[in-house]
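With the hints as extra help, turn the sequences into a complete structure.
Protein chains: 2
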Amino acid sequence: MDKGAVVLCSGGVDSTTVLAIAQEQGYSLYSLSFCYGQRHKIELSAARKVAQAFNVARHLILDIDLGKIGGSALTENVEVPKDRSLNDIAGGIPTTYVPARNTIFLSYALAWAEVLNIYDIFIGVTAVDYSGYPDCRPEYIEAFETMANLATKTGVERRMIRINAPLIHLSKAQIIKKGRQMGVDYSLTHSCYDPTMDGKACGRCDSCKLRRKGFQEAGIVDPASYVYV
Amino acid sequence: MDKGAVVLCSGGVDSTTVLAIAQEQGYSLYSLSFCYGQRHKIELSAARKVAQAFNVARHLILDIDLGKIGGSALTENVEVPKDRSLNDIAGGIPTTYVPARNTIFLSYALAWAEVLNIYDIFIGVTAVDYSGYPDCRPEYIEAFETMANLATKTGVERRMIRINAPLIHLSKAQIIKKGRQMGVDYSLTHSCYDPTMDGKACGRCDSCKLRRKGFQEAGIVDPASYVYV
Numbered sequence: 001m002d003k004g005a006v007v008l009c010s011g012g013v014d015s016t017t018v019l020a021i022a023q024e025q026g027y028s029l030y031s032l033s034f035c036y037g038q039r040h041k042i043e044l045s046a047a048r049k050v051a052q053a054f055n056v057a058r059h060l061i062l063d064i065d066l067g068k069i070g071g072s073a074l075t076e077n078v079e080v081p082k083d084r085s086l087n088d089i090a091g092g093i094p095t096t097y098v099p100a101r102n103t104i105f106l107s108y109a110l111a112w113a114e115v116l117n118i119y120d121i122f123i124g125v126t127a128v129d130y131s132g133y134p135d136c137r138p139e140y141i142e143a144f145e146t147m148a149n150l151a152t153k154t155g156v157e158r159r160m161i162r163i164n165a166p167l168i169h170l171s172k173a174q175i176i177k178k179g180r181q182m183g184v185d186y187s188l189t190h191s192c193y194d195p196t197m198d199g200k201a202c203g204r205c206d207s208c209k210l211r212r213k214g215f216q217e218a219g220i221v222d223p224a225s226y227v228y229v
Numbered sequence: 001m002d003k004g005a006v007v008l009c010s011g012g013v014d015s016t017t018v019l020a021i022a023q024e025q026g027y028s029l030y031s032l033s034f035c036y037g038q039r040h041k042i043e044l045s046a047a048r049k050v051a052q053a054f055n056v057a058r059h060l061i062l063d064i065d066l067g068k069i070g071g072s073a074l075t076e077n078v079e080v081p082k083d084r085s086l087n088d089i090a091g092g093i094p095t096t097y098v099p100a101r102n103t104i105f106l107s108y109a110l111a112w113a114e115v116l117n118i119y120d121i122f123i124g125v126t127a128v129d130y131s132g133y134p135d136c137r138p139e140y141i142e143a144f145e146t147m148a149n150l151a152t153k154t155g156v157e158r159r160m161i162r163i164n165a166p167l168i169h170l171s172k173a174q175i176i177k178k179g180r181q182m183g184v185d186y187s188l189t190h191s192c193y194d195p196t197m198d199g200k201a202c203g204r205c206d207s208c209k210l211r212r213k214g215f216q217e218a219g220i221v222d223p224a225s226y227v228y229v
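Respectively, the protein sequence lines represent chains A and B. For the first sequence, this note's numbering assigns the number 1 to the initial residue and increments by one for each residue that follows. For the second sequence, this note's numbering assigns the number 1 to the initial residue and increments by one for each residue that follows.
Just so you know, the hints here were simulated from the structure itself, not pulled from any lab data. Don't be surprised by glycine CBs; every beta carbon is placed ideally from N, CA and C. Among the hints, erroneous ones may be present.
Stated by the list, open to error - Covered by chain B, per the in silico footprint, the following chain A stretches (three or more residues, Cβ under 8 Å):
(1) 55 to 64
(2) 110 to 121
(3) 134 to 146
To be verified - Cβ pair distances, simulated, as ranges:
(4) B:Gln-25 to A:Val-229: 53 to 63 Å
(5) A:Arg-84 to B:Arg-180: 28 to 38 Å
(6) A:Pro-223 to B:Glu-24: 44 to 54 Å
So this is what it looks like as structure tokens:
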């Protein structure tokens, strides 16, 4: 029987690189994306293109209700911070933090994995260029894995569920280099938190800044098109 | 400042008793329910009535997409098991198990608690009459709490998030007795997995059987109306 993996996919650089890694490791891919009231819904069409490019076994997009809970510049009508220095980006938890987002995403991945009879979940978090989000740290991923194995039928039957975070110790530049070595086409990806109506990246939000710095340090041309160059 | 608690509310006996406990402990109540494609949606109107009776600060009902993930008799067009013996009910994981359901519910509760600046979450799981669900055991609740404190801004700032499961060591009869001592009106609650169109309980699913046994053992008349007596 072939082994499957549920991969959380935002349509961005990190999760797209993770798809390539999981595919290289021989997994058949079940990609999972969320429509969660994010203002950058365009990432979902990027996620669709990426899923197609990787010829995934299935791509599931779930509608979830994070907007009703509120608390983030990504889901509310609050200004997305712009032009922050890379020091500031690394320094604290920004307003774009969505409360418990990765926990909610991983919980759904866990549910889907259980239904599919799959034991591996992949997530593209990195603790290096991690924009100050607490749910991107290795100790968090480990704690989620422990909980997942107690939460589920799969866990009870003593099959180990693994939360794989293969980028966790990589910088954005290292991620991009690794992806390019595996032939990832980053022109399909989208990173900006505050894109224009026609899908151009702002170039100034934290996500754009981290992406641009990553490509620059990797010495690779960023295929994204930016409003602010 | 008054202390608040997010309480997961299904409109059933257990979570309604938990509301009473949290209220008695002086919390202001934020009740959280889910429309998750369950065939027994009528529980949501019970949850509304219960929330009103407790005069909660806010009752949030989130629409979530568990049906698309599938895997349970509660969300799919699969027969709900009936007339199982209490031994069978205690014995294994039934088809009404919804993969990772409590994990998903608690994750949303965590997100909402963070937004509300609240550190306490209450859930009405019991490991005694627990119908064989793995995510009702104390070790699961503890693991979720550990993870929650690593996942969140609140955790990072060293305020302890607590997952309170005050019923975890109580039988259904003990829960009902406790609730009645606190004046809980169980006529507002709904437990059946497979109710009739006009809201009558089937009397034969696992949830009905556990409820009926609980009231019987507690020596209290069950106010629910059953098709099958």
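Going through the hints against the structure:
1. With 4 residues bearing a CB less than 8 Å from a CB of chain B, the segment 55 to 64 of chain A meets the requirement of three and the coverage assertion stands.
2. For the segment 110 to 121 of chain A, the assignment as covered by chain B holds, since 5 residues bring a beta-carbon within under 8 Å of that chain's beta-carbons and 3 suffice.
3. Counting residues of the segment 134 to 146 of chain A whose CB lies closer than 8 Å to any CB of chain B gives 8, which reaches the minimum of 3, so the coverage claim holds.
4. Between Gln-25 of chain B and Val-229 of chain A the Cβ separation comes to about 57 Å, which falls inside the hinted range of 53 to 63 Å.
5. Checking the proposed 28 to 38 Å range against Arg-84 of chain A and Arg-180 of chain B shows it is violated: the Cβ atoms sit about 56 Å from each other.
6. For Pro-223 of chain A paired with Glu-24 of chain B, a C-beta distance near 60 Å fails the hint of 44 to 54 Å.
In summary, the numbered hints that this structure violates are 5 and 6.
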